[in-house]
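2 protein chains.
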Amino acid sequence: MQNFDYMTPTRLIFGKNCITQLPEVMTQFGRKVLLTYGGGSIKKIGLYDKVKELLPDFEIVELSGIQPNPKYDPSVLDGVKLCKENDIDVILAVGGGSVLDCSKAIAAGAKYDGDPWDLISYKVKAKAALPIVDIITLAATGSEYDPGGVISRTETNDKIGYVDPLLYPAVSFLDPTYTFTVSKKQTAAGCADAMNHIMEQYFCEDSTILNDGFMEAGLKSLMINAKKCLENPEDYTARAEMMLTCTYGCNRIYALGNSPSGWPCHGMEHALSAYYDITHGEGLAIITPRWMKHILSDKTADRFVKYGVNVFGIDSSLDKYEIAEKAIQATYDFFLSIGIPMHLKEVGIDESRIEEMAHHVAENEGLENAWVPLLEKDIAEIFTASL
Amino acid sequence: MQNFDYMTPTRLIFGKNCITQLPEVMTQFGRKVLLTYGGGSIKKIGLYDKVKELLPDFEIVELSGIQPNPKYDPSVLDGVKLCKENDIDVILAVGGGSVLDCSKAIAAGAKYDGDPWDLISYKVKAKAALPIVDIITLAATGSEYDPGGVISRTETNDKIGYVDPLLYPAVSFLDPTYTFTVSKKQTAAGCADAMNHIMEQYFCEDSTILNDGFMEAGLKSLMINAKKCLENPEDYTARAEMMLTCTYGCNRIYALGNSPSGWPCHGMEHALSAYYDITHGEGLAIITPRWMKHILSDKTADRFVKYGVNVFGIDSSLDKYEIAEKAIQATYDFFLSIGIPMHLKEVGIDESRIEEMAHHVAENEGLENAWVPLLEKDIAEIFTASL
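Chains as they are written, first to last, in the numbering used here: chain X, -1 to 385; chain V, -1 to 385.
No lab work stands behind these hints: they were computed from the structure.
A portion of the hints provided could be inaccurate.
Pairs involving identical chains hold if they fit within one copy or between any two copies, as the list cannot separate such chains.
Below are the SDA-like pairs computed for lysine to any residue, each with C-alpha atoms no more than 25 Å apart in a straight line [to be verified]:
1. Lys125 / Pro7
2. Lys297 / Glu57
3. Lys225 / Met5
4. Lys218 / Val303
5. Lys121 / Arg351
6. Lys218 / Lys318
7. Lys82 / Lys226
8. Lys48 / Gly38
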């Protein structure tokens, strides 16, 4: 086991109708609120009106139109400007991971005098950030329980994971009923994103009985509950369990004390969605089984055996490579079964920019330090195998 | 899934030599320290000297001699007095769960003008508490990651679990090497305590795939690693994994969203160790299989099947009562195999006060609200079966 230093100061308020506690929670932080959201789905489900109704005594400034793969320009820059102009006390992010990720960058930028990109690109360490409260409407990223966000800068094809302990949300509201209207496509992509968060941590040199069992349970929970959610989008129990399983995804709690993995699939997928703006969870689902095949070797085979036997129930008496290959195929088949397009070409990516993307990943993501190191050549091979 | 509201503000600093960070951590809270500890084992392992060496610039007042099943009088009362007299800024608890539990009651009492028993007995809600830093030297209670402590008041045979969110330690240092010298008896009792924390949460009406897998992994981790620790007390990996598995015990993270269980074994054991001052983990181990037998019924059998199949690998094709009975026997056999005396008579308890203890539990522990309600008669039966 590795040494670690862990703390999550976020309060999770979970369950049906939990946002009735919103006024009491918001009052702790002040009266001037930046309300951030995306494209209007929160209006469709009545959540926008509900929030306004709950907060009649607050001064609310709005930033809407935050996109998936949230953009530095205009969203982060606009948000920072609004915070400064209106002397905002607290950000209330309502939506999925993208809205919350964007809000985290805004929270740090609002307390910084220079160009917020200095912070996101780690040129300058933030000294403070506005408090963030969120109401999450998508089970996927786990941003509601982690200190990071991913921000895209279109002109440079940068997609950066910006992480700082200052960015833990103060309070996250998780009402599974707000995920009832999430589309089949986004439900599946959210499941794949969360599964990948677990897999990225599972495949490492050194884990424990405790963490392995926790992560295997997380993967089984996501697979079983995603299918239930797709069959019956209003299955409260399935939506609720998916939500909590996703929430732990990037919090480190699944793997405290494990050796570092390097999060290779996220490193590679960032390029795909930076260059092509595809759905993050779909990009991850497409890459993951190809990455698995690429790294299968004597060094990694035992880990794949554990994964195959405990997650998919593959017969443990088989040859270890046979188990590993069956496990990789089962991973692919599961993603396919929930409707994810499993080839890059199906999401509009062809071979034309693979070399460029592989070069970008190799230069920026540090995957030479992953559990199984990935160099530019490896990354290009994985992309090509994913076509 | 049930609604919940969860937050753990404790920072965990985990691993070999982690206490080199102690000075930096303590500085955040002030210079006047109440150092609390037990009977001197921290001197034997050099930890007392190490702490003193690390904190030359701090004013340290000491409270030593805190006993297992820590006492209101003199320990809590003496500690509160020392804090008030010396205007203490922070408590540094060094030892096992008893030292930390006692320190929590002191932390609250130090900020209260009246009799600290008002707080512990929930007559008055604490408004503030001193910050607590701990260095834990025993893998058992999980007090280092929870907001509660158990305090005994000898003259009334009260043993009360005092819980308040103000009592989360600010920082817990967990260096597994400090548990290398823990005796076989205490290693086994710590394992039983932590296993029982998980079982208390596992046996309930409504759980999830995620929580069940997490808890089953916790139980397996404890059983496998306890055996390794008993064979080789300096097995770092086994001590480390036991330590973290124990740490989660009473934090609620193992079972967020589960329906309440009522913690019946703890309710019953509190009387045993209040009346007879036995080792808490041993008391729990003795009661647990008898309680399991007592509550086995059509209502609970499926839960025992899951437990038996997933924790002990019992053949799932057997009849469900057969699986349940095998699981209960396996629980008993495991405790016996790690050297725990499995009869109350072996720890000095005979039938003479069973009725009195059962009455005390029925009056004070609310076990009529447990998942399987326990009335005075049930409690007496479980005690009698444990003789």
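(message) Tell me the numbers of any earlier hints that the structure contravenes, in ascending order.
(response) 2, 3, 5 and 7
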